[in-house]
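Residue strings, one per chain:
There are 2 protein chains.
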Amino acid sequence: MALLVCKFGGSSVATLDRIKNIAARVQKLKHEYQDVVVVVSAMGDTTDDLLVMAQEIGNDLSCRELDMLLSTGEQQSAALLALTLNSIGIKAISLTGWQAGIKSDSAHSKAKISAIDNQRIRDEFKQGNVVVVAGFQGINCGGDITTLGRGGSDTTAVALAASLKADRCMIFTDVSGVYSADPRLVHEARKIERISYEEMLEMASLGAAVMQPRSVEFAMVYGVDVEVRSSFSEEPGTIITEDDGMEQQKVVQGIAHDRNCAKIAIFDVPDRPGIAKALFTSLAEHKINVDMVIQAAMRDEVNDIAFTIERNELNMALPVVEDLVKEIGASGMSYGDNVAKISVVGAGMKSNPGVAAAVFTALADASINIQMISTSEIKISCIIEESQVTEAVQALHNKFDLDK
Amino acid sequence: MALLVCKFGGSSVATLDRIKNIAARVQKLKHEYQDVVVVVSAMGDTTDDLLVMAQEIGNDLSCRELDMLLSTGEQQSAALLALTLNSIGIKAISLTGWQAGIKSDSAHSKAKISAIDNQRIRDEFKQGNVVVVAGFQGINCGGDITTLGRGGSDTTAVALAASLKADRCMIFTDVSGVYSADPRLVHEARKIERISYEEMLEMASLGAAVMQPRSVEFAMVYGVDVEVRSSFSEEPGTIITEDDGMEQQKVVQGIAHDRNCAKIAIFDVPDRPGIAKALFTSLAEHKINVDMVIQAAMRDEVNDIAFTIERNELNMALPVVEDLVKEIGASGMSYGDNVAKISVVGAGMKSNPGVAAAVFTALADASINIQMISTSEIKISCIIEESQVTEAVQALHNKFDLDK
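These protein sequence lines are chains S and C, in that order. When we follow the numbering used here, the leftmost residue of the first sequence carries the number 30, and every step to the right adds one. When we follow the numbering used here, the leftmost residue of the second sequence carries the number 30, and every step to the right adds one.
Treat each hint with caution, since some may be false.
Copies of the same chain look alike in the list, so a pair counts if it fits in one copy or across any two.
[Stated by the list, open to error] Straight-line alpha carbon distances no greater than 25 Å define the calculated DMTMM-like cross-link-like pairs of lysine to aspartate or glutamate that follow:
#: 1; residue 1: K132; residue 2: D152
#: 2; residue 1: K279; residue 2: E342
#: 3; residue 1: K132; residue 2: D366
#: 4; residue 1: K433; residue 2: E263
#: 5; residue 1: K59; residue 2: E415
#: 6; residue 1: K132; residue 2: D146
#: 7; residue 1: K139; residue 2: D78
#: 8; residue 1: K120; residue 2: E222
#: 9; residue 1: K433; residue 2: D352
#: 10; residue 1: K49; residue 2: E85
#: 11; residue 1: K220; residue 2: D196
#: 12; residue 1: K57; residue 2: D89
#: 13; residue 1: K49; residue 2: D78
#: 14; residue 1: K155; residue 2: D134
Please keep in mind that the hints were generated in silico from the structure rather than gathered at the bench.
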């Protein structure tokens, strides 16, 4: 009587041939599981194509209308997969987000799921149907179609798994799991069998973009075990699950890196209360996300403040910072977009104080200069020269024996 | 406080440029009408493209899933028109069929509207919104999306006009109205200002395919005045309305013709009860629509039976008829697809017994042989050689002074 919720992304359903492959995959899964929900994204570039068309109309578009437009992509792929399943003799029915009972708030284009009424899905199970659900969408209390933002189909799958108390939630994707480092950089990178939600969040938000952080958070909150695996092969993937703390943990799970970084430094900031607030409030008002912040209180009356932002937001951020430099009476600023962030992630480092020292040693031995450092309970991040990313990831991967 | 429901077909919304034209058109209409509903079809070939994709999956497709797939086309064009209206400063919101409260039965792919809950539309009027409704679709009592079949967007518009008690229902289309004959055949063909529902039905079902007969019937049942007019020009169109019988009526409104005809004759059919029933039941079981039927009871014991069908159904019909010829012991059969039907339509002929004679005289004077005749209260139809259609339509148009 096992219940499976699985999700296939846009590239897995990009053509009718690929949809046929997915259907064959679902057929196999249906032998293992009594009840199956398949969440699908829109075919390949459908969403982007629709968005480009809308953008030809103008700027400042109504998000409510965009959601109406974009949600059709998933509805189409869901119907096509249901038809394809039928064609190979599997009873199946497609449901839109609202038909699947996915209620959301009204934040069009980035709505959050607020509740799920899974009655219709359970009724379809009773009819023996595989239920194909259009991902990425819901309905608000006013009866309007919403979309759940980037990675929304992952969230749909995790939320349905939570609501239906699924035995397993599988996210089928282009990659075959979460790796100890990017296999394109580190040849010996190893697929991680099990990773905790917290570790996955650190890996995900640091550039190992297998699953969107939002859907990992959702899985963590509802305690849904998620397996990330390949659409194109049968090998097992990575299971994202609770950190049960009982098992012998690896101190470090993996090395993540993120090139989407830029650094800004402000010199000789007067040491007055409210200065940092003014700076970061101003950036937030311009919707610029600040990541790492370092304030070096070396001298009595002035400080240097440095911080990192996403690289593609640098051009937006510079005029804001320049204005502030004048306003607060700092002596000047500098910036650079040739930096990257590398991060060592592992739940085990909570109880292993030597990890930071090992990180700095490994980087020093490889002659890599550390520009900024930031740490959390389960992560150590360093900003370095972008040109040294491969060397750095390789050095850290070796240092912590992650190929074993 | 006037209320308008208008509808734009697929070619009117085929590109973003055309959608911009429609938006400008709606802007003008919004000056004349307090509340405006715009029903749209899918962009250009969208529906056909989706259908072709589905047909690659296989035959015998689930109509429920096809409706799920095809209904996205209208949802897209509705959202794009709402966005375009916004971009020129007009408040507008798009609604799917189910959001617009269009309930239907469960006959997927050819559903009939069963009820309309127009609360949402009236709420949007209160917000000052132009309401753009995705045509061609509804929702059944089980919460599944249905489509209304060919001409479904016309039906959506007429049904909404009836439900909202609209002051006017405008169907914008490729042609500028209903003509006294096909202008491609008869240079002097004149646009008809007003035509009764019954006359329009005869014109429509006889090949003057301006509006689908189903939506004309719907307008007749609910007494909705419909104006058919051009998307591309400002000139007034043709108003389809009740035959009030008070005005001085034209005896003949127009001459319709239909080349989609084929004729089958069966010779020496034994004159026994049940023979005709066997023949036409058998054709109906094969979903072949029989139009005109003539039985010539010239002799005592045997008859000849001739009938017409749609030309594209001839290949399906022939084996059915051949089997029947053997079964009932007829002496043989013949068929021809080089025939066409011309029809003289006018509510006034009810009280003018000379019309039939005038029709036959006009055709005889033009040396056109009449192969079959069928009449109703407001129509006289003749089957003739297809090669003589233009001459026949011209001759009848002249005979009844329809250019005046």
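When Cα atoms must be at most 25 Å apart, do K155 and D134 count as within-copy, between-copy, both, or neither? between (30 Å within a copy, 23 Å between copies)
Please work out whether the CA atoms of K433 and D352 approach to 25 Å or closer within one copy, between two copies, in both situations, or in neither? neither (51 Å within a copy, 77 Å between copies)
At most 25 Å between CA atoms: does that hold for K120 and E222 within a copy, between copies, both, or neither? So K120 and E222 fail the 25 Å test inside a copy (33 Å) and across (53 Å) alike.
Please sort K220 with D196 into within, between, both or neither, judging by C-alpha distance up to 25 Å. Only inside one copy: K220 and D196 sit 23 Å apart there, 68 Å across copies, limit 25 Å.
Checking K49 and D78: alpha-carbon separation at most 25 Å within a copy, between copies, both or neither? Close inside one copy (23 Å) and across copies (19 Å); limit 25 Å.
I want to check one pair: K57 and D89. Are their C-alpha atoms no more than 25 Å apart within a copy, between two copies, both, or neither? For K57 and D89, the Cα distance is within 25 Å only across copies (23 Å; inside one copy 46 Å).
Can you give me the call for K433 and E263, within, between, both or neither, at a CA distance of at most 25 Å? Answer is within; shortest intra-copy Cα gap is 23 Å, inter-copy 77 Å.
Within a copy, between copies, both or neither: which one fits K49 and E85 at a CA-CA cutoff of 25 Å? between (34 Å within a copy, 11 Å between copies)
Is it within, between, both, or neither for K279 and E342, if the alpha carbons may be no more than 25 Å apart? neither (36 Å within a copy, 72 Å between copies)
Taking 25 Å as the upper bound on the Cα-Cα distance, should K139 and D78 be classified as within, between, both, or neither? within (19 Å within a copy, 30 Å between copies)
Between the shortest in-copy and the shortest cross-copy C-alpha distance, which are at most 25 Å for K59 and E415: within, between, both, or neither? neither (46 Å within a copy, 57 Å between copies)
Copy assignment of K132 with D366, given that the CA separation must stay at most 25 Å: neither (41 Å within a copy, 57 Å between copies)
Violated hints for the displayed structure, listed by number in ascending order: 2, 3, 5, 8 and 9.
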